[in-house]
Amino acid sequence: MSSSLMMLEWQSERIRRYLHEHPSTTMHQRAMLLLAAGGVQGLLTEQEIEQSVADLFALQRPEGGWAMSGLGDWKRADGKPLDRTASDGYGTGFVLYVLRRGGRVPADEPRLQKAVLWLKTHQRTDGSWFTPSPYKNDELSTFVGTAYVILALDACGETRLTGDMR
Numbered sequence: 442m443s444s445s446l447m448m449l450e451w452q453s454e455r456i457r458r459y460l461h462e463h464p465s466t467t468m469h470q471r472a473m474l475l476l477a478a479g480g481v482q483g484l485l486t487e488q489e490i491e492q493s494v495a496d497l498f499a500l501q502r503p504e505g506g507w508a509m510s511g512l513g514d515w516k517r518a519d520g521k522p523l524d525r526t527a528s529d530g531y532g533t534g535f536v537l538y539v540l541r542r543g544g545r546v547p548a549d550e551p552r553l554q555k556a557v558l559w560l561k562t563h564q565r566t567d568g569s570w571f572t573p574s575p576y577k578n579d580e581l582s583t584f585v586g587t588a589y590v591i592l593a594l595d596a597c598g599e600t601r602l603t604g605d606m607r
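So the number in this note's numbering is just where the residue sits in the sequence shown, counting from 1, plus 441.
Certain hints may be false.
In silico EDC-like pairs for lysine to aspartate or glutamate, Cα to Cα no more than 16 Å straight-line [claimed, not checked]: (1) 561 x 599; (2) 561 x 504; (3) 577 x 524; (4) 577 x 519; (5) 561 x 595; (6) 555 x 599; (7) 555 x 504; (8) 516 x 579.
The calculated label-pair distances, taken between Cβ atoms and stated as ranges, are [said to hold, decoys possible]: (9) 580 x 477: 23 to 33 Å; (10) 450 x 545: 15 to 25 Å; (11) 552 x 601: 16 to 26 Å; (12) 443 x 601: 34 to 44 Å; (13) 584 x 517: 10 to 20 Å; (14) 562 x 458: 40 to 50 Å; (15) 470 x 552: 19 to 29 Å; (16) 552 x 526: 12 to 22 Å; (17) 470 x 519: 23 to 33 Å; (18) 600 x 480: 17 to 27 Å; (19) 600 x 443: 33 to 43 Å.
In short, the hints are calculated from the structure, not lab data.
Note that this is a predicted model, so its numbers are computed, not measured.
Every residue gets a Cβ at the ideal spot worked out from N, C-alpha and C, and that includes glycine.
Please put together the full structure from these sequences, using the hints given.
Take a look at the structure:
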């Protein structure tokens, strides 16, 4: 075994040990870990992957999307909780991307197709997807949410070089 492969194996073991000693406390953290597991073999067990996928699907809203605030314990700057009932660009784009890349859920899975439809019907006229921010007059959440939507739509085979996506 080359020294590079030995170093990679050593680093991978350190990562696994750290994650075991510091378990995720929010669904957002678990989803990030699921996404990472899509690229790092052995980061999660098959059972952990299946459980995270099931838990993410359990948070899907009836209309097909997800709410960013439902993935963590974020609060508004004034201390009030964010609305956990309304789907948004970040929640839907992020979870859809994670399920495709980390959870290995097929793009034609009906619940994913429902999420794709939600995204296609909730794009704003400026091309973005709205995500509420905990801060007043802050559009960073919308920008990041829009980026995840584009990644998610691409992961589902829904992007085109020309034409309207809606």
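Now the hints, each set against the structure:
1. Simply put, residue 561 and residue 599 have alpha-carbon atoms about 10 Å apart, close enough for the 16 Å limit, and the pair holds.
2. About 12 Å separates the Cα atoms of residue 561 and residue 504, which keeps this hinted pair within 16 Å; it holds.
3. The suggested pairing of residue 577 with residue 524 holds, with an alpha-carbon distance near 15 Å, which does not exceed 16 Å.
4. The hinted pair formed by residue 577 and residue 519 meets the criterion: a straight-line CA distance of about 10 Å does not exceed 16 Å.
5. Under the criterion of a C-alpha separation no larger than 16 Å, the hint pairing residue 561 with residue 595 is consistent with the structure, at around 13 Å.
6. At roughly 13 Å between alpha-carbon atoms, residue 555 and residue 599 fall within 16 Å of each other, so this suggested pair holds.
7. Proposed proximity of residue 555 and residue 504 is supported: the alpha carbons are some 7 Å apart, at most 16 Å.
8. A hinted pair counts as satisfied when its Cα atoms are at most 16 Å apart, and residue 516 with residue 579 qualifies at roughly 14 Å.
9. Distance hint check: the CB atoms of residue 580 and residue 477 are about 27 Å apart, consistent with the given range 23 to 33 Å.
10. Between residue 450 and residue 545 the C-beta distance comes to about 23 Å, which sits within the given range of 15 to 25 Å.
11. Look at residue 552 against residue 601: about 23 Å separates their beta carbons, and that is inside 16 to 26 Å.
12. Range check, residue 443 to residue 601: about 42 Å between beta-carbon atoms, so the 34 to 44 Å window is met.
13. Range check, residue 584 to residue 517: about 18 Å between beta-carbon atoms, so the 10 to 20 Å window is met.
14. Between residue 562 and residue 458, the C-beta spacing of about 44 Å keeps the proposed range 40 to 50 Å intact.
15. Hint check: residue 470 to residue 552, Cβ distance near 22 Å, so the stated range 19 to 29 Å holds.
16. At roughly 18 Å, the beta carbons of residue 552 and residue 526 sit within the given window of 12 to 22 Å.
17. Take residue 470 and residue 519: their Cβ atoms lie about 25 Å apart, and the range 23 to 33 Å holds.
18. For the pair residue 600 and residue 480, the supplied restraint of 17 to 27 Å holds, since their beta-carbon distance comes to about 21 Å.
19. In this structure the hint that residue 600 and residue 443 lie 33 to 43 Å apart at CB holds, the actual value being about 38 Å.
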